[in-house]
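2 protein chains.
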Amino acid sequence: MSEITAKDIQRLRKEAGVGMMDAKKALTDAGGDFDAAFALLRERGQAQVAKRADREASEGTVGSYIHVQNDRPVLGVLVELSCETDFVAKSDEFRQTADDIAMHVSWASPEWLTREDVDEEALGAEKEMIARQAAAEGKPEDVVERIVTGKIESWYAENVLYDQKFVNPERYDGTVGDMVGELAAKMGENISVRQVARVAVGA
Amino acid sequence: MSEITAKDIQRLRKEAGVGMMDAKKALTDAGGDFDAAFALLRERGQAQVAKRADREASEGTVGSYIHVQNDRPVLGVLVELSCETDFVAKSDEFRQTADDIAMHVSWASPEWLTREDVDEEALGAEKEMIARQAAAEGKPEDVVERIVTGKIESWYAENVLYDQKFVNPERYDGTVGDMVGELAAKMGENISVRQVARVAVGA
Numbered sequence: 001m002s003e004i005t006a007k008d009i010q011r012l013r014k015e016a017g018v019g020m021m022d023a024k025k026a027l028t029d030a031g032g033d034f035d036a037a038f039a040l041l042r043e044r045g046q047a048q049v050a051k052r053a054d055r056e057a058s059e060g061t062v063g064s065y066i067h068v069q070n071d072r073p074v075l076g077v078l079v080e081l082s083c084e085t086d087f088v089a090k091s092d093e094f095r096q097t098a099d100d101i102a103m104h105v106s107w108a109s110p111e112w113l114t115r116e117d118v119d120e121e122a123l124g125a126e127k128e129m130i131a132r133q134a135a136a137e138g139k140p141e142d143v144v145e146r147i148v149t150g151k152i153e154s155w156y157a158e159n160v161l162y163d164q165k166f167v168n169p170e171r172y173d174g175t176v177g178d179m180v181g182e183l184a185a186k187m188g189e190n191i192s193v194r195q196v197a198r199v200a201v202g203a
Numbered sequence: 001m002s003e004i005t006a007k008d009i010q011r012l013r014k015e016a017g018v019g020m021m022d023a024k025k026a027l028t029d030a031g032g033d034f035d036a037a038f039a040l041l042r043e044r045g046q047a048q049v050a051k052r053a054d055r056e057a058s059e060g061t062v063g064s065y066i067h068v069q070n071d072r073p074v075l076g077v078l079v080e081l082s083c084e085t086d087f088v089a090k091s092d093e094f095r096q097t098a099d100d101i102a103m104h105v106s107w108a109s110p111e112w113l114t115r116e117d118v119d120e121e122a123l124g125a126e127k128e129m130i131a132r133q134a135a136a137e138g139k140p141e142d143v144v145e146r147i148v149t150g151k152i153e154s155w156y157a158e159n160v161l162y163d164q165k166f167v168n169p170e171r172y173d174g175t176v177g178d179m180v181g182e183l184a185a186k187m188g189e190n191i192s193v194r195q196v197a198r199v200a201v202g203a
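First to last, the protein sequences are chains A and B. For reference, each letter of the first sequence is one residue, going 1 to 203 in this note's numbering. For reference, each letter of the second sequence is one residue, going 1 to 203 in this note's numbering.
In short, the hints are calculated from the structure, not lab data. Just so you know, these numbers come straight off a predicted model, no measurement behind them. Hints are not guaranteed to be accurate.
[What the hints assert, rightly or not] Which chain B residues face chain A? A few, computed with CB under 8 Å, are given here:
#1 G60
#2 T61
#3 N70
#4 R72
#5 G76
#6 D86
#7 E93
#8 R95
#9 V144
#10 V167
#11 P169
#12 Q195
#13 G202
[Claimed, not checked] What the simulated footprint calls covered on chain A by chain B, stretch by stretch (three residues with Cβ under 8 Å from a Cβ of chain B suffice, anywhere in the stretch; the number is not a length):
#14 82 to 94
#15 135 to 149
#16 193 to 203
[Said to hold, decoys possible] Between beta-carbon pairs, the in silico distance windows are:
#17 D86(B) <-> W107(A): 19 to 27 Å
#18 E111(A) <-> G202(B): 18 to 26 Å
#19 K7(A) <-> T85(B): 49 to 57 Å
#20 D86(A) <-> E111(B): 24 to 32 Å
#21 A125(A) <-> E120(B): 22 to 30 Å
#22 R11(B) <-> M21(A): 53 to 61 Å
#23 M21(A) <-> E120(B): 44 to 52 Å
#24 T5(B) <-> D71(A): 40 to 48 Å
#25 A125(B) <-> A136(A): 46 to 54 Å
#26 E121(B) <-> E141(A): 41 to 49 Å
#27 E121(B) <-> E111(A): 21 to 29 Å
#28 D86(B) <-> E43(A): 55 to 63 Å
#29 E120(B) <-> D71(A): 37 to 45 Å
Beta carbons: idealized from backbone N, C-alpha and C, even for Gly.
Here chain A stands alone, though its shape is the one from the complex (with noise of 0.2 Å):
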């Protein structure tokens, strides 16, 4: 049984176009074997595409949503949403992913797309901040260790996407991630949000 990595998971997610908890799930499965996970999504038919990440995504939709308060839009969000064929692009399913995408940038307002696009500096200064606070609580150091594994994690479910639960759970319930994930799962693409706009009034 080898560790399961943030790594594999990522890789997992792109490679197989599943989501986060798929991802985790087939790893803890597989005993943390990254080919072996793979080979379970397949199986599973989750991951209906082999190398799917190696097949060119370049079409895609822009969902929108735009916020009216006081009789005037006041904020509003863009959301690229890509996919490898016109087909899946013109879906309605697909749009409307886009869409709620966006409506939902327009309440959680997140700093970064996915763990990847996390700027290295951000999440030093996090950890260091977690670190010193639970060291001045008296904590040992491996305790201090793992408190910050820990809030880090709620760090990432705050201001990345795909690690953000979707706003509306009645229509979704899980992270943007999973819910992109599994939209590429069904429909055998490649999916992912490319950009995000976000533009409020003041802000």
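We have chain A already, so just place chain B on it with the hints.
What follows is chain B alone, placed relative to chain A:
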């Protein structure tokens, strides 16, 4: 007759809330004297509010434009247009202008909002390139300088939103900066484009 500088034009546009052409004309008419030019604009009713720039412009709206191709949105633009009062922010003309600018940006794709926002390095590189080309053509030094000054104006007109000719001359025949400046003069408030976001599939 003192020299008319870009800095004075910018300052006049900002403090009097007028467009570039009006600012330039007033400075020319005033022999390059800033205060005299400001007074002229006030006499002409173009700069209706002295020290307008001192008032806070924290109201506004978000204009948007979504371009649909092959049955799906493939390009979106958001524009924050700011003003001083709720009254102006809610007006049809103000909101229409915000949407018009968003439509303009979808076509013209400016790099910067105003000349003040232009990246110094990009500007320097462009000037150097123009000067090198002119020198290679054997132009004397003073001519090279004039060529650089002239061609940089066209470069601004291509890359800077406020210097770009508005895309639909039937609606407004002039630059976006003039359009915003005229609206500001008409409304008697500081009005400016504060943020622009442009998201396109595959860009």
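Okay, the hints, checked on the actual structure:
no. : hint                            : in the structure
1   : G60                             : holds (4 Å)
2   : T61                             : holds (5 Å)
3   : N70                             : holds (7 Å)
4   : R72                             : holds (5 Å)
5   : G76                             : holds (4 Å)
6   : D86                             : holds (7 Å)
7   : E93                             : violated (12 Å)
8   : R95                             : holds (6 Å)
9   : V144                            : violated (40 Å)
10  : V167                            : violated (19 Å)
11  : P169                            : violated (26 Å)
12  : Q195                            : holds (5 Å)
13  : G202                            : holds (5 Å)
14  : 82 to 94                        : holds (count 4)
15  : 135 to 149                      : violated (count 0)
16  : 193 to 203                      : holds (count 9)
17  : D86(B) <-> W107(A): 19 to 27 Å  : holds (24 Å)
18  : E111(A) <-> G202(B): 18 to 26 Å : holds (24 Å)
19  : K7(A) <-> T85(B): 49 to 57 Å    : holds (52 Å)
20  : D86(A) <-> E111(B): 24 to 32 Å  : holds (30 Å)
21  : A125(A) <-> E120(B): 22 to 30 Å : holds (29 Å)
22  : R11(B) <-> M21(A): 53 to 61 Å   : holds (56 Å)
23  : M21(A) <-> E120(B): 44 to 52 Å  : holds (47 Å)
24  : T5(B) <-> D71(A): 40 to 48 Å    : holds (42 Å)
25  : A125(B) <-> A136(A): 46 to 54 Å : holds (49 Å)
26  : E121(B) <-> E141(A): 41 to 49 Å : holds (46 Å)
27  : E121(B) <-> E111(A): 21 to 29 Å : holds (26 Å)
28  : D86(B) <-> E43(A): 55 to 63 Å   : holds (60 Å)
29  : E120(B) <-> D71(A): 37 to 45 Å  : holds (41 Å)
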